[in-house]
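Visitor: Here are the chains, one letter per residue:
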Amino acid sequence: MTEPSELSAPIAKDDRWIALVGNPNCGKTAIFNQLTGLSQKVSNYPGVTVERKVGQARLGTDLQIKVLDLPGSYSIAPESFDERIVTEQVFDWIYDSKKPDVIISVVDATNLSRNLFLTSQMLDLEIPVIIALNMMDRVKRKHQKINIELLKDKLGAADIIPMSATEKWGVKELRDSIRRQIEHPTPSTPELPFRIIGSVNEVLSPLAASFEKDFKSTPRLAWSQALRIVAHEPVFDIFVQKVSAMQLGTPEKIKDYQNLRQKIIARLKSLGINAQTLEASYRYGWLDILLADGESLVIDNIDDPSRSERVDKVLTHPVFGPIIFLGILYFIFHSIFSWATLPMNLIDSGVHAVGDFIITNMPAGILKDLIVEGIVGGVGAILIFLPQILILVFFLTLLEDSGYMSRVAFMLDRYMTKVGLHGRSMLPLMTGYACAIPGIMATRTIESWKERLITILILPLMSCSARLPVYTLLIAAFIPAKTVFGFVDLQGFTLVLMYFLGTVTALLLAVVFDKFIKLESTSSFIMEMPPYRVPMMLSVTRQVYNRGKAFLLNAGKIIMTMSIVLWFLVYFPRPESNLNNTSHIENSYAGKVGRLIEPVISPLGFDWKIGVGLLTSFAAREVMVSTLATIYNVEGRGEGVISVSEALRSDTDPETGLPRYGILMAISLMVYYVFAAQCMATFAIVREETNSWKWPLFMVFYMTSLAYLSSLIVYQGGRLLGFS
Amino acid sequence: MTINNLKPGEKAAIVGFNGDLQLQARLVEMGLLPGIEIRLVKAAPLSGPVELKVRDYYISIRRKDAGKIQVAPL
Amino acid sequence: MDFQIIAVIVVVIFAIGYVIKTVIRQFSSSEVHAECEKCCTSKSEKKK
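Chains as they are written, first to last, in the working numbering: chain A, 1 to 724; chain B, 1 to 74; chain C, 1 to 48.
The following block holds chain A by itself, in its conformation from the complex (with noise of 0.2 Å):
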């Protein structure tokens, strides 16, 4: 992938470029896809792409332009983070003269009026504009036409074209037209397509005539940057910023424009106008008579019920809704824990059968023991897991791009609300579950800033996927595996359990939070709601494909590397005579590394071994099973690959002759994965998302602290209780 800081150099002249813009949830990442042929996340939740991204796409064998995919955004004014991107873009574009050739519009088809909205508002760039008219599968399903050729003369757009990227097709003609336009640009109109008249256009023609002799603008743009400027302070903001960063205005020009905005407000004021609306007014009122003229269009009839809002009846009915969406959180924790064990229990077949070959077929000497020990042990113990993490992807995958999450937001709101953070932070919520940095990365699309910070600062709390093969480690080892009360299978419930320990935690830390940062906060939620869409398949596949790839990748490369460096620290020094091999290994490196912070961590439960594992969980939390793996291995050298579990089951205290780690050991340590700080690129995105330190500081000092703690009560009070 491209980076996306390309963009921020010089564009040399023949370097040619286009910017995909839209509407949120529109389609604007699928057809970017499509023309690029690569592999962005799409979804249908509004707001997924929340950072500009940058792809190749070819047009003819000649012909190579570089595609920028914007965030989706409803207008040229931001309202939260990732809309900021989309305003400051249209800037550079308007004053640093690093203009797109083309702009392509995405519009969704069903929905004309809205998206229209933002298309009107590029119209007036300077730049050929095409329409890509998405999601025409669904017209025609409805039966319903538009007329392109007049819808595109009347809105003097480059070209429309019409195309479904769910049914793939109309990018070839999207791709014919994007090359006619840069060869054979269709001119724009000077003019602004409405007029103002009257007292509005006398209050604001100062304006829109400074901007056509400072920057050199059409009056349609000159016209276009004075009625969003007037109706936006962010966007004011925006505009000065910009213009004294490429040095167009001096303080004192800047200075002037702030005056006469005020002016130009206070006088629209006077005149019972409120400057907010204006713009919105004008387009929207062109836009709703242009399409109301006969043969180009199609509105819905706002009493007809949609399919989704007949299935909403049931979905987020007031008092099924929400107990549907916990059934749905326990089902898919559980079917982790009950669906993986039959490929679970074939991947481990897979690692022995290899560890045996290689025992059988090597010759005896260190290397073989660094393979069979460290390589294949290591990294064996860690592939099992990854039938579970390609299921729990799998459902989070189902749920964002079937359209529900959207749902949840808005059942969820008020008592989000509640504990300090916003509908919006459902899904960032829940996409910590596969991996806090993407949750973090999602939190752009809450406005509110204190929201948005205490939605980061809880995020790392909810169980990501290299938690789970800990969980499912030591639940395999120690919890047993029986029914109760007839219908709960304590294994999988053991399971669920930690993740609403880690979910419920964060819901009231976040209470606390809300109290204690002092941060002024002005929250709406205005969110659509899609329509449900059964998922695309492919668009399923590729996202469990992708981390089921990463996922090995990281397996191929950090932790195999940690497990041959472990491998190493746990083997020498060498016994010089004939100690066993227990007593060995407590005198290795490693073991020396782990007895040295044992009394730290021995009032928790945990003894050295488990304490080497602590350490290297900070390279990747996983790495805790292989480091168990590579230790045991070691120890029971030559007898094949070793079932971890196993071996902490039976692994005894040679004085005592007791076990060493018992049921209470395994629920304090799975306690203190649930809280503990251990993911460092989490903290380096938390610090780049925040932009200080004290944020990412502050989330280690108290994930640990919770951890440690927790873990004490667990154990001590379970001793207490006479547990063991």
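The set of hints was computed from the structure by calculation and includes no laboratory data.
Small disclaimer: the values here were computed from a predicted structure and weren't measured.
From the three backbone atoms N, C-alpha and C, an ideal C-beta is built for every residue, glycine too.
Keep in mind that a hint or two might mislead.
Unchecked claim - Restraint-style ranges between C-beta atoms, simulated for each label pair:
| id | chain 1 | residue 1 | chain 2 | residue 2 | range |
| --- | --- | --- | --- | --- | --- |
| 1 | C | R25 | A | F215 | 41 to 51 Å |
| 2 | B | N5 | A | W449 | 29 to 39 Å |
| 3 | C | R25 | A | G272 | 55 to 65 Å |
| 4 | A | K168 | C | I13 | 16 to 26 Å |
| 5 | A | R595 | C | I13 | 17 to 27 Å |
| 6 | A | W339 | C | I5 | 42 to 52 Å |
| 7 | B | V15 | A | S705 | 51 to 61 Å |
| 8 | B | V15 | A | Q56 | 42 to 52 Å |
| 9 | A | R533 | B | V15 | 30 to 40 Å |
As the list claims (entries may be wrong) - Below are the BS3-like pairs computed for lysine-lysine, each with C-alpha atoms no more than 30 Å apart in a straight line:
| id | chain 1 | residue 1 | chain 2 | residue 2 |
| --- | --- | --- | --- | --- |
| 10 | A | K145 | A | K450 |
| 11 | A | K145 | B | K11 |
| 12 | A | K515 | B | K64 |
| 13 | C | K21 | A | K368 |
| 14 | A | K313 | B | K64 |
| 15 | A | K450 | B | K68 |
Please arrange chains B and C on chain A, whose structure you already have, making use of the hints.
Guide: For chains B and C alone, coordinates are given in the frame of chain A:
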């Protein structure tokens, strides 16, 4: 009256807005302008957000904000 | 020296180097957990 006075299934036309100008800019950009018809689809429990059908799509907003949108019943 | 010993020395040195490199990268910048790279759309944009 405001949207909050509507019952699920009832239709009304937007007349104007009271207060909270920040929100208003976003709503009008999404096409909720005076003169436009809306239908209240449903309300989330415990004074949660309301869902409206407007133009060709569904939108949900908090009840606090819905109370600032004045409507006239149809 | 035995071939196996030489091979182990090479592999272990390589592995230590790789682990150190990974740790430094994780601490230093927006480098993302390999497992997350794909689904994170792409690396987060550098703030100016």
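Visitor: With reference to the structure, classify each hint as holding or not holding.
Guide: Each hint tested on the structure:
1. Between C:R25 and A:F215 the Cβ separation comes to about 43 Å, which falls inside the hinted range of 41 to 51 Å.
2. Between B:N5 and A:W449 the beta carbon distance is about 33 Å. The supplied range of 29 to 39 Å therefore holds.
3. A hinted range of 55 to 65 Å for the beta carbons of C:R25 and A:G272 is consistent with their spacing of about 60 Å.
4. For A:K168 and C:I13, the Cβ-Cβ distance of about 50 Å falls outside the hinted range of 16 to 26 Å, so the restraint is violated.
5. Distance hint for A:R595 and C:I13: a CB-CB separation of about 26 Å, consistent with the stated range 17 to 27 Å.
6. With their beta carbons about 45 Å apart, A:W339 and C:I5 fall inside the hinted range of 42 to 52 Å.
7. Look at B:V15 against A:S705: about 54 Å separates their beta carbons, and that is inside 51 to 61 Å.
8. Range check, B:V15 to A:Q56: about 50 Å between beta-carbon atoms, so the 42 to 52 Å window is met.
9. Between A:R533 and B:V15 the CB atoms are about 35 Å apart, so this pair conforms to the stated range of 30 to 40 Å.
10. Annotation: proposed proximity of A:K145 to A:K450 is violated, straight-line Cα distance about 46 Å (limit 30 Å).
11. Under the criterion of a C-alpha separation no larger than 30 Å, the hint pairing A:K145 with B:K11 is consistent with the structure, at around 27 Å.
12. The straight-line distance between the Cα atoms of A:K515 and B:K64 is roughly 22 Å, inside the 30 Å bound, and the hint therefore holds.
13. With a C-alpha separation of about 26 Å, the suggested pairing of C:K21 with A:K368 holds against the 30 Å cut-off.
14. About 23 Å separates the Cα atoms of A:K313 and B:K64, which keeps this hinted pair within 30 Å; it holds.
15. Distance hint between A:K450 and B:K68 is fulfilled; the C-alpha atoms sit about 23 Å from each other, no more than 30 Å.
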